[in-house]
Each structure stands twice: as structure tokens, then as C-alpha cells.
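Participant: From first to last, the protein sequence lines are chains A and B.
Residues 56 to 484 in our numbering are what the first sequence lists, from first letter to last.
Residues 1414 to 1848 in our numbering are what the second sequence lists, from first letter to last.
FYI, nobody ran anything at the bench for these hints, they're computed from the structure.
Computed from a predicted structure; not experimentally measured.
For glycine and all other residues, C-beta sits at the position ideal for the given N, C-alpha and C.
Take the hints with a grain of salt, since some may be wrong.
Here are some chain A residues pointing at chain B (derived, C-beta under 7 Å) [stated by the list, open to error]:
id, residue
1, P199
2, D247
3, T251
4, I252
5, R255
6, I275
7, E350
8, G356
9, S357
10, G418
As a plain string of letters, each chain reads:
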Amino acid sequence: MHSLTARRGFAAVTLSALLCACGNDSTAPSGSGPNTSAVCPGINLGPAPSRLTLPPGAPATMAILGNGLDTVRYQAEVAARGTIAYTTSWGVRRVQGNKVSIWDVSGNVPVLIDSLILNGATTTGDIAVSDDGRLLVVATERAPGSIFVYDLTNPRKPALLSVYSTGNTNPGVHTAEVGRVNGKLYAFLSIDPVGTIPARLVTVDLSAPASPAEVFTKVIGNPYVHDTFVRNGLLFLALWNDGVQIWDIGGCGTGASPESPKVLGTVKTLGGDVHNIWWYNDPNGSKRFAFVGQEGFGVVGSQSSGDIHVIDLSDLSAPKEVAFYSVPGAGTHNFSVDETNGVLYAAYYNGGVRAIDVRGDLGTCDASQRALDASSNLSRCDLRLMGRELATGISNLAKPVYVWGVQYLNGSVYASDMLNGIWKLGAVK
Amino acid sequence: MRIWILVTVAALAAARDSAPAQSVSVMAQAIPVVTRADPTATRAALSEGYVSQPAVMAHGEWNWLRAVATLNLEGLTLARGELSTGANGEGFVDRRHPHTYAHELLAGAQASVVGVVGSMFAGRGFAPFGSDDPMVRPFEKYPVNHHLSQVLERVVAIGALRRGPAIVEVGTFNGDEPVSPSSAPHFSRFGDSWAARGTVLPVSGLELSASAASVKSPEVAAGSGVDQRKASVVARFERVGMSDWRYAMAEWARTDERAAGRLTTRLGSWLGEAAACRAGVIAAARLERTDRPEEEAQTDPFRTPRPPIDLSNLGVSRWTTLTLSLSSPALLWRFLSGRPFVEVARIAAAPGDPPGLFDANRRYGARRMWMLSAGVRLRSGAMHARMGRYGVAAPDGGMTMPMPMPMPMGTDSVAGESHMMQMHQPTSSANPCIL
């Protein structure tokens, strides 16, 4: 379920400290100079982030700007760029989830302007826009599994370029993350298991989008690989009970590539069920933390479970979990980060949307802000106790919500709600 | 009703009267059946016909050694599953899944010491949990609770002890359920699950049992799926007269699905069924109310992903089904019997707890549905009477047969003079309920 890469490049990924809006919040780095490692000399993790002391306070409520209602299909993921948002669809409601809805989000209320029907798909779960805005990639489930690649010359009228489906995409492409590595565009496909056939990763070269080509595949995931996150030549894989694995696919400068990746490190987060990841690059240049979504048990439409886990990447060969965020009665799904302002937006299914302050050092906190997991003897900072819960969105409506995905874009947050379509919310100030 | 056919294979060199106890029984059955479901998962009426439950069963004894085998050929005749609104499991919904070819294949030993008889069986078969497999019960259609009340087609090791009217069974097995008729179990997972059942036989014909099981990740063969904690209480009665037969069974079953040790979904079932036979006519009725986990639908509305894509479900539905069955006296032809039957089921589907996204009207176009089936039970030979119990755990020895058994009495089913057939318990060939 889940696309995050689509928002990269336009989701306020402003890496320059000159644009940092948090200069008065003591988030300036405590050190300077390159911070690389022997295992990955090409990645500078930047300065250690400073510790913040945040005043306690009740979370605000994100303003609802508008809703584009869809009760014909269950909504799935969302990807937005410019004034257009695309939402996918899941399972079978009144009809099958074989559609991508195209919304004009220039106003407060998203307006459905067109749609794409993807023949043969039961679910069009994941969707991503390439960093240059030229391509739209949609993952389809179930068998045979595929990605549909569209040209976005006219983003209101995507034009189909190719349908990529092979034996290795069977029985379904759960997610298709799109990212550029050393100038070349790739899609990283997370393939569902079926029967006794295990899950796998398939890497596809999209440099000729009319004829995608597999360049790498590997059986991986226990039992699932549900999502990936690609950035700066590193690939983060969500391997469910095998945790998070970090691959060098060209970022470390040691000869690895998407065609020949190299494992850097692995961390098993508490509880497993690793579903999605976001590697946070803060405006000060620090790249120490990644956020991991845990998808626990849920009843679609009404219940969910699973926390956000924060892992410290200071040693890429041995990442470790240092913090978490939990919502009683709800579980997280996909993320989008306003990196300029240091706000993580998380879809929280029946819990709506949560906005969390992720500036500064997330792994250092007072004893009163820590929680010890007795079973693992792991002590972690609790982001809620650290006062980092900034706001909630569509969590107290008269009707139920079940938010699959979110995307921050230009001061707004778009939330795809399986039950109610797409919401446009005001971002946290 | 209680017929026990022992075909003594005296061709084993030794003189018959000096050879250790030995017996072999073989049975074959098939049920050509036509079913009309109105409506079903297609949101319309659907009629289908096929051969259901084609199986060959064999049971052998030699001294203290035992062997049980059931070859189930539904993979050839029911690859798409049998239309059965409300059914679910193993990637099928509103169709009963085909069973594995190697349905049962066990070897065991049985012995007695100071008033206690014990048995040990190992191989592929049923875990010691719940009630008898529906294949040996009076209805052609399986109840909705099949996956709540039986744990089958696992690699099991089962020990059982019996003293007087008390029976205790303990077994361990692999938690993963089959993913296709030809799929092999994950032998590496043997021992990750267990079941135990206690049974008392207070009076003749009455049997009370309680059982519990812990099943590790049944739906994700590789592991890491939701686990199950199961419980079952069963009361069973059967009495066979000289010309009639009566049977009744009531069961309560519950399956708790757990993720990371925490309860996620509770599925319950109540079921009562009864049957009576007089003058060869069998009338039977079954009423059950069973919870069903709802899963992501596929392009084929009768299939669900296996393994599921994640730990979630779409909620719980509650199925209340009344099934009535009527079978005529059997028709005999040489070693083959055919017993025509009709079954009608009235089905009500409602949201369970939690309801999730389930909406019967949306899914089926109706909340109340019908299912009508007609067919013929074709059989030759002796069926395993108590499918799901082995060795001393079978109160009557495991080779009797609760359902009318077609082997004509006094006929040697195995050619050759060295074969001898014996009939045990009511040896009434005049009982038209027995055949």
C-alpha cells in the first residue's frame, strides 16, 4: 500500500538551511563537516541534530478545506503535484478498485476531472509521480501484477506509455516507488507472495518508459516486502518481520548500483510488521533519522494498529531504534514529510491524520519522556511525551474515516480516505 | 448401523488361526451433485454441478501396527471449489475449497497396559481438535464452521490414552494450512502448533468432548501471520437399532485470532445437527450460527488472496444457516450403493463483531439466500467412521461408520479365497439404514 516517492521533489524537500523556517528553535546542528563512514563514504549524514525542548500542549486540529467524495470505490494512495492529485482505489466496493481518479485541487474542494481505468486490476494500490513530473506510475494487484506507466505531459490527461508485467510481478505489485539513481530513473516494485511463492523485490529501469526493463530481482521479506524508499543512492526496504534493510544502490560510491545492490545494515523495529519508511533529510543537512511505519492488525474501515518507529542511522551498518509515536486505538500507514518545516504527516487509518514535529534530535529525551519495552529491554523516547504531537486531522468527524495515504504539498495536506475520497487539509503552521 | 468390516488378509504366509490380528478395509466414494445458490457471491443465482468428495479410504491393522490413508481427488473435480454460500477458507469464499490429495496418511501403533490402552499416530491428518470432519456426517454441504471446528491436513504426531470411558489426546503439528490440493506441508514448521482433546463416554452412544488448540500462522505458510487459539466443546449421540439409526451432535467452537500475542478477531460458532433413519429414509437437519472473517475480494468473487496481503481483515460476518436433508433408501448394484439425496439451506448473513466493511446487501444483493442441492452418494466399502480421531481416540475403534455404508453384507469385497470378511456390532443386513 503506499507511495511516498511521488512527493519527493515537490513535497517541500528543501534542503537548504537558508529556507529553514525554524531558525529560532535551536535546531541548528551541534557539529559541522562531513560525517561519513567507511561502509558508505559517499553519504554524508550531516551534523548531529540539536536537542529541542518543546512546551507541552494539546495538539491542534488541522483545518478541513474540502472533500472530494467518492463512495463508489475504496480510495487508496494519493500523489499530488502542482494543482492535480491522483488517487488510486482498493478492493471491491460497489465496483472494483481498478481506477485512478484525477482531481483538480487548485481550490479548497478537490474536483474530480477525469479518471483512468486500469483493465485487469483489482486494486490500484500505489501511485507515484517521477521527480521531474514527467511520469505517473501505478502499481496493480492481483495477478498477474503490473505497473502502468503514463506520460504526464498533460497532467490532467495522463497518456498510457506502457504496461509492464512479467512472471516476476505475479501475483501483484504492492508498491512501486520511483526514484532516480545517478541520473537514471528506476521503479522499485514490492511483489506480493502467493501460495508457496515468496515475496520479492523487482527493480525496473524506467529510462525508456515505453519499454521498462527488469534489472534486478531478489526474493526478500518475511513474509512481505511492502514498500521501499529511495533517496541519494540508498534504498530502504520494509521487510515486515525482518525489519528495515538499507541497501547501497549507488550512493556510497563503492561500486554498488540498482543492478548490483549491496546491503549496508538492518534493524528490526519493535513489533515487526514493517510497512513503510521515510528517510528524513532535515534543512540543516542532518540525515540521522528515518521513520518506520508499522502496520499491525486492522479491520478495514474501523480498526487499526501499529506505531511509528524512529531509527537512528548514525551508523548505517547498525541502525537502531531510538523513539516511537503511538496513537491508542489507531495504527499508522503512509507518511509524507514537510522537510522544510520538520513536520511528519502520517495517515492513521481510523485515527485520521497526525502531524508530528520531527525537528532536532529525536533520540535524546528526559527519563520522563522515555518508555521501556520490557520484552526487549529497549528504552525509547516517546514523541508524544516529548511534546511533538502537533495536530490531528479528520479524526473527530461525525462519520468514520480510514486514511490510507497523505501528501504534504505547498501548505496543504492531501489525505486519501478509503471511505470518503480525498480530503484537503490545511498544513500545520 | 455399526458395521465393522474386517478383511483379513490371510495371504500373509502364516496359517490363519496362528497369525496376529490383521485387517484391511478399503472404501471409495464420490458424490455427483448439482447445486443452485440464489443468490451467491456473483450477486445472482448460480447453478453448478460436479463430483464432490471423490475419495479412497483405506485402513489397515497388523498386530499392534495401524495405518490410515485417505486419497482425496477433489483437486481434480473441484479445482474451482464447491459452491457453498457462506463457506470460506484456504483462499476460497462462498465455495468450499478442494482438499489435498493426501488428505490422510498416517501410521501408528496401539497397545494396552494394565487397563490403559494407548496409541501413537504420525503422518498427515487431523489434529486432535473439535468435531468429526463433515465428510462423515449426514450432509453433503459442509457447515460454515469447518475451519473453526476442525484442523486438518497437517503433519501430526498424536498420542492418545484411554481408560474406561475417558480418552485424552495430545498432538503437535505444523500450523500452516494447505495452499493447494497438491501442496506439501512445511515440514520445518512441524511442532509449532499443538492441540489437545479430552473425551468422556458416560453412556452408550453418548460422547462429550472438549478441546483446545494453538495454531501458528495458518494462513501465511512462511509464518508471521496471525495466530489462532481455538476451543471447542462437542456433545455427540448415536444409536443404531436393528432397522433404524439416530444421530445428533451439538458443538460450540471459538477461534481467537491473535497478532503479536494480542487478540484481534474473535470468531464463534454454534451448531446443532440431527439425523434419523427409518425404512432406509434418512432425514437430517442442521442449524448453525458461525462468524466468518471477511477478506479482500478478488476479480474472482470466490477467491481471496493466500497468503493475505497483510494482517488486516474487512470485518466479521455472521452466518445463520438452516439445512434440511432427505435421502432415499440406497440403491445397490454389486459392490456399489447409491443413495439419492436433496438438501436445502436457508442462509442469513448479517454483520458480525466488528462489522468492518461487511454489507450483505452490497456483497450478495440480499441478506437471505437459498441453496438447493441434489445428488447421489456413491460408495463402495467401509468409510472411516470417525474422521479426525485415530487409534484409541476413536470411541468405537475408528472403523465403524456412522453413515450408511454400502458394502453388501456377506460379500467378499476382495477377490480370492484367502480373504475373509467379518461384520461387527449390529450385524443386521436387514437394516436399510445400514444397507
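Participant: Please list, smallest to largest, the hint numbers that this structure does not respect.
Facilitator: Numbers 1, 4, 5, 6 and 10, in rising order.
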